[in-house]
Amino acid sequence: MIKEAFSHIHPIMVHFPIALIIIATCYDLFIVFAKRKLSPRQGFWLWLIAFIFAWIAVMTGPDEDARGNTNIFHLHENLAHYTTILAFLIVALRFFFLVKKKEFIRLTLIIYCILIVICTVGILSTGYFGGKMVYDQGVGVKMHGKYVNPPKPGKYHMGD
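Taken in order, the sequence shown gives residues 1 to 160; the numbers are from the working numbering.
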């Protein structure tokens with residue numbers, strides 16, 4: 001059972017950054033609209049955990065399952081990388097303000113809110129295209145131990 005769970009670790013892990021980034025964004029936006037300010041301390045751990053899970057989800061992505069089967073893998077992969085980098089930048093920005101004991105002022109607060117909304121759109125788009133590969137194209141789906149849409153043999157470089 002453990003081996004089976006680890007063979008499906010990516011689909012298990014992807015749900016955490018999706019949920020955490022959405023929750024963190026909603027939390028921050030609620031505080032901003034309610035108080036018109038945001039302390040870097042509020043929600044810091046939520047964003048840090050969201051970034052960690054996003055990084056784990058990216059690292060566990062099964063590139064080999066998509067070999068030659070889909071035309072949207074690179075879009076999904078790139079969105080995942082950009083979203084993870086953006087989540088890291090959000091955490092780094094908050095950490096910088098936390099260490100310097102500064103509050104977000106109007107301009108930095110506006111920029112911050114734009115970044116978290118873009119991060120949320122990024123994670124939702126990444127999930128959309130990942131789901132499209134699985135549910136529409138059968139990438140990585142097995143039935144009775146055999147791939148529904150088996151990877152194509154040959155040399156495919158997934159990082160292009």
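Treat the hints loosely; a few may be bogus.
Label-pair ranges, simulated between beta-carbon atoms [what the hints assert, rightly or not]: (1) 106 / 63: 39 to 47 Å; (2) 107 / 152: 14 to 22 Å; (3) 89 / 27: 17 to 25 Å.
Source of the hints: derived by calculation from the structure; they are not laboratory data.
Each residue gets a CB set at the ideal place from its N, CA and C atoms; glycine is no exception.
For each hint, the structure was consulted:
1. For residue 106 and residue 63, the hinted distance range of 39 to 47 Å is satisfied, since their beta carbons lie about 43 Å from each other.
2. A hinted range of 14 to 22 Å for the beta carbons of residue 107 and residue 152 is inconsistent with their spacing of about 50 Å.
3. Against the hinted window of 17 to 25 Å, the Cβ-Cβ separation of residue 89 and residue 27 comes to about 18 Å, which satisfies the hint.
Hint 2 from the list above is the single one not met by this structure.
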